[in-house]
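Note that the working numbering has the sequence shown beginning at 84, numbered continuously upward.
Just so you know, not all the hints are guaranteed correct.
[To be verified] Label pairs and their computed distance ranges (CB to CB): (1) 119 <-> 86: 45 to 53 Å; (2) 105 <-> 84: 22 to 30 Å; (3) 95 <-> 122: 50 to 58 Å; (4) 115 <-> 87: 40 to 48 Å; (5) 87 <-> 109: 26 to 34 Å; (6) 119 <-> 88: 43 to 51 Å; (7) 89 <-> 119: 41 to 49 Å; (8) 116 <-> 96: 25 to 33 Å; (9) 122 <-> 86: 52 to 60 Å; (10) 105 <-> 85: 44 to 52 Å; (11) 85 <-> 117: 45 to 53 Å.
Rather than coming from a laboratory, the hints here were simulated on the basis of the structure. A virtual CB, placed ideally from N, CA and C, is assigned to each residue, including glycine.
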Amino acid sequence: MNTADVAIENALSVVARSRDMRERALERRRELQRRTEVIITRPLYVLKKNEGPKQLSLKLDS
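Let the hints inform the model, and build the full structure from the sequences given.
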């Protein structure tokens, strides 16, 4: 192989590596998005004080 062929092979290798890194980053981003959606869609419970008697009640915060 001459130097032009070697340069082309190196360039193709760099492109393949960067494409692979980009795909892995996108997959990580999708996974984080999915985990975030799972956390957000869970019901959020908060303790709220009743106006009447001095006690705490568990109510769904909507």
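Quick rundown of the hints versus the structure:
1. For residue 119 and residue 86, the hinted distance range of 45 to 53 Å is satisfied, since their beta carbons lie about 49 Å from each other.
2. At about 28 Å, the beta-carbon gap between residue 105 and residue 84 stays in the expected band of 22 to 30 Å.
3. The hinted window of 50 to 58 Å between residue 95 and residue 122 is violated, with their beta carbons roughly 41 Å apart.
4. Hint check: residue 115 to residue 87, Cβ distance near 42 Å, so the stated range 40 to 48 Å holds.
5. Range check, residue 87 to residue 109: about 33 Å between beta-carbon atoms, so the 26 to 34 Å window is met.
6. Between residue 119 and residue 88 the beta carbons are some 47 Å apart, a value that agrees with the proposed interval 43 to 51 Å.
7. The hinted window of 41 to 49 Å between residue 89 and residue 119 holds, with their beta carbons roughly 45 Å apart.
8. The hinted window of 25 to 33 Å between residue 116 and residue 96 holds, with their beta carbons roughly 31 Å apart.
9. Between residue 122 and residue 86 the CB atoms are about 54 Å apart, so this pair conforms to the stated range of 52 to 60 Å.
10. Hint check: residue 105 to residue 85, Cβ distance near 31 Å, so the stated range 44 to 52 Å is violated.
11. For residue 85 and residue 117, the hinted distance range of 45 to 53 Å is satisfied, since their beta carbons lie about 48 Å from each other.
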